[in-house]
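Protein sequence lines, in the order shown, are assigned to chains A and B.
Using the numbering used here, the first residue of the first sequence is number 1, and each one after it goes up by one.
Using the numbering used here, the first residue of the second sequence is number 1001, and each one after it goes up by one.
Simulated from the structure, these hints should not be mistaken for lab results.
Subject to a maximum C-alpha distance of 25 Å in a straight line, what follows is the list of computed DSS-like cross-link-like pairs (lysine-lysine):
1) LYS1055/B <-> LYS1018/B
2) LYS1071/B <-> LYS1055/B
3) LYS1003/B <-> LYS1055/B
4) LYS71/A <-> LYS54/A
5) LYS5/A <-> LYS56/A
6) LYS71/A <-> LYS37/A
7) LYS68/A <-> LYS56/A
8) LYS54/A <-> LYS5/A
9) LYS1003/B <-> LYS93/A
10) LYS37/A <-> LYS56/A
11) LYS37/A <-> LYS5/A
12) LYS1071/B <-> LYS1053/B
13) LYS1003/B <-> LYS37/A
14) LYS56/A <-> LYS71/A
15) LYS93/A <-> LYS56/A
16) LYS1057/B <-> LYS93/A
17) LYS1055/B <-> LYS93/A
18) LYS1071/B <-> LYS93/A
19) LYS93/A <-> LYS1053/B
20) LYS1053/B <-> LYS1070/B
21) LYS5/A <-> LYS1057/B
Note that the structure is predicted; figures quoted are calculated from it, not measured.
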Amino acid sequence: DQQVKQNSPSLSVQEGRISILNCDYTNSMFDYFLWYKKYPAEGPTFLISISSIKDKNEDGRFTVFLNKSAKHLSLHIVPSQPGDSAVYFCAAKTSGSRLTFGEGTQLTVNP
Amino acid sequence: DVKVTQSSRYLVKRTGEKVFLECVQDMDHENMFWYRQDPGLGLRLIYFSYDVKMKEKGDIPEGYSVSREKKERFSLILESASTNQTSMYLCASNRLARTDTQYFGPGTRLTVL
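With the hints as extra help, turn the sequences into a complete structure.
Below you can see the structure in the form of structure tokens.
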């Protein structure tokens, strides 16, 4: 069963606009969430994270929102830049070291 | 900077061959992980190790084994490669601290013919 789900395989936005990437989870034991970004032919790199005791975490152009009651998190990128074009994975963990990843969303930012 | 390296970027093997994928990290991390990435399926955990000679199965361990004889090195072994093991293989590592993010290598694109 897919415990972390990214329902949009792809998203296309104009440069300068907001990109919103969504992620849903089913396991209520998840208490830490991360977003990774992956360019072709490279490994994923960590972008931003949030603990379940918070509902928002911001780092520059990137903000992650967590809605625990809905078991939903989202990544906002404002403003979007062409260099943000990549696959974005959301991931979640419980008390251990294992991460459970979503399927990924391909973001394309058009100039 | 953390560095995770993988022995090959691209590999082509034949069905039935034994395949070794090697991963080395230089940050003295306790944990090491092997994932495969397939379109529409995201990253799926094959095996991980939290110490030398220790290993735990991930979500899809069938057809794979691992070896961790030294802290910095974690090997993934395909005992008898099959075409459905054609994939991108990613190694990662991190410390034992609960919120420590995983650092990934560049990946090995394995094709089994």
